[in-house]
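Colleague: Given next are the chains, with one letter for each unit.
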Amino acid sequence: MNDQRREVERETVLDAPAEEVWEALTDERLLGEWLADEAELEPEPGGRASFRFADGTEKEGTVLRVEEERELAFTWARPGEPETEVELTLVPLVSGTRLVVVERIPAAGPTALAASAWGPRLSALGRALSLVFA
Amino acid sequence: MAVDAVFAALADPTRRRMVETLAGGTTVTASGLAAELPITRQAVAKHLAALRRARLVSTKRVGRETRYSLDAEPLGDAARWIATVGAEWDDRLADLGRLLEGRSG
Chain A
1 MNDQRREVER ETVLDAPAEE VWEALTDERL LGEWLADEAE LEPEPGGRAS FRFADGTEKE
61 GTVLRVEEER ELAFTWARPG EPETEVELTL VPLVSGTRLV VVERIPAAGP TALAASAWGP
121 RLSALGRALS LVFA
Chain B
1001 MAVDAVFAAL ADPTRRRMVE TLAGGTTVTA SGLAAELPIT RQAVAKHLAA LRRARLVSTK
1061 RVGRETRYSL DAEPLGDAAR WIATVGAEWD DRLADLGRLL EGRSG
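As given, the protein sequences belong to chains A and B, one line each in that order.
Taken in order, the first sequence gives residues 1 to 134; the numbers are from our numbering.
Taken in order, the second sequence gives residues 1001 to 1105; the numbers are from our numbering.
Quick caveat, the hints were computed from the structure, so don't treat them as lab data.
C-beta: ideal position from N, C-alpha, C; glycine also.
Treat the hints with care, since some could be wrong.
Among the chain A residues that face chain B by a calculated CB cut under 10 Å, a handful are [stated by the list, open to error]:
no. : residue
1   : Asp15
2   : Val21
3   : Pro82
4   : Thr97
Among chain B residues calculated to face chain A with C-beta under 8 Å, some are [claimed, not checked]:
no. : residue
5   : Val1003
6   : Val1028
7   : Gly1032
8   : Leu1048
Okay, the calculated beta carbon distance ranges per label pair [what the hints assert, rightly or not]:
no. : chain 1 : residue 1 : chain 2 : residue 2 : range
9   : A       : Val94     : B       : Pro1038   : 20 to 26 Å
10  : B       : Gly1024   : A       : Asp37     : 42 to 48 Å
11  : B       : Thr1040   : A       : Val94     : 54 to 60 Å
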């Protein structure tokens, strides 16, 4: 039931080869251009991941998986908040690279639920509850 | 973390049905819910207890009856987490797209 976790997923096609995208994901200076204001990342399993954001907040975590030009996964959390996992997957295309981002709260138990199964349900409930949910 | 408890509570399809029924804005009794669902009253009571633990459902005594109603607040937490984290990644990926466009000329 490991895949049944709540998560947010985003996907984008970038107009650059996987090699360049990988550099933007692992080079601290480049990470500071898009992921955070300042980034420290040791791109190896167990390596340190540390980010400072424009609003002054910080997130600290640990690198989980590194597969060059394919996958980078790490945990991060603001101090005192529960950790989430971030998974960045690259898929080389004929022209450009598809980047899939998944951020999830690690499953607390076997009953945890995938956001994919939850999404439509949630918006239906959101309507019923007059919640603003886009 | 509230969002954790909410997702765990809603992992069960029967409990999601119950929440949908309650989302209609009505307060119901356990027997009322049991009448609408193909499960025993005992099972309804068990699921209601799980929903109460997640604070998705609150109870009120009306005379001799216990009536259940949906509490939207924890559900709001779950929705907020998904909306906030999703919006953060939308922003970051837009920045990444611009960064790479600039690099490749």
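Colleague: A separate judgement is required for each hint: does it hold in the structure or not?
Modeller: For each hint, the structure was consulted:
| no. | hint | result |
| --- | --- | --- |
| 1 | Asp15 | holds (6 Å) |
| 2 | Val21 | holds (7 Å) |
| 3 | Pro82 | holds (5 Å) |
| 4 | Thr97 | holds (9 Å) |
| 5 | Val1003 | holds (7 Å) |
| 6 | Val1028 | violated (15 Å) |
| 7 | Gly1032 | violated (18 Å) |
| 8 | Leu1048 | violated (16 Å) |
| 9 | Val94(A) x Pro1038(B): 20 to 26 Å | violated (51 Å) |
| 10 | Gly1024(B) x Asp37(A): 42 to 48 Å | holds (46 Å) |
| 11 | Thr1040(B) x Val94(A): 54 to 60 Å | holds (57 Å) |
In this structure, the hints that do not hold are numbers 6, 7, 8, 9, in rising order.
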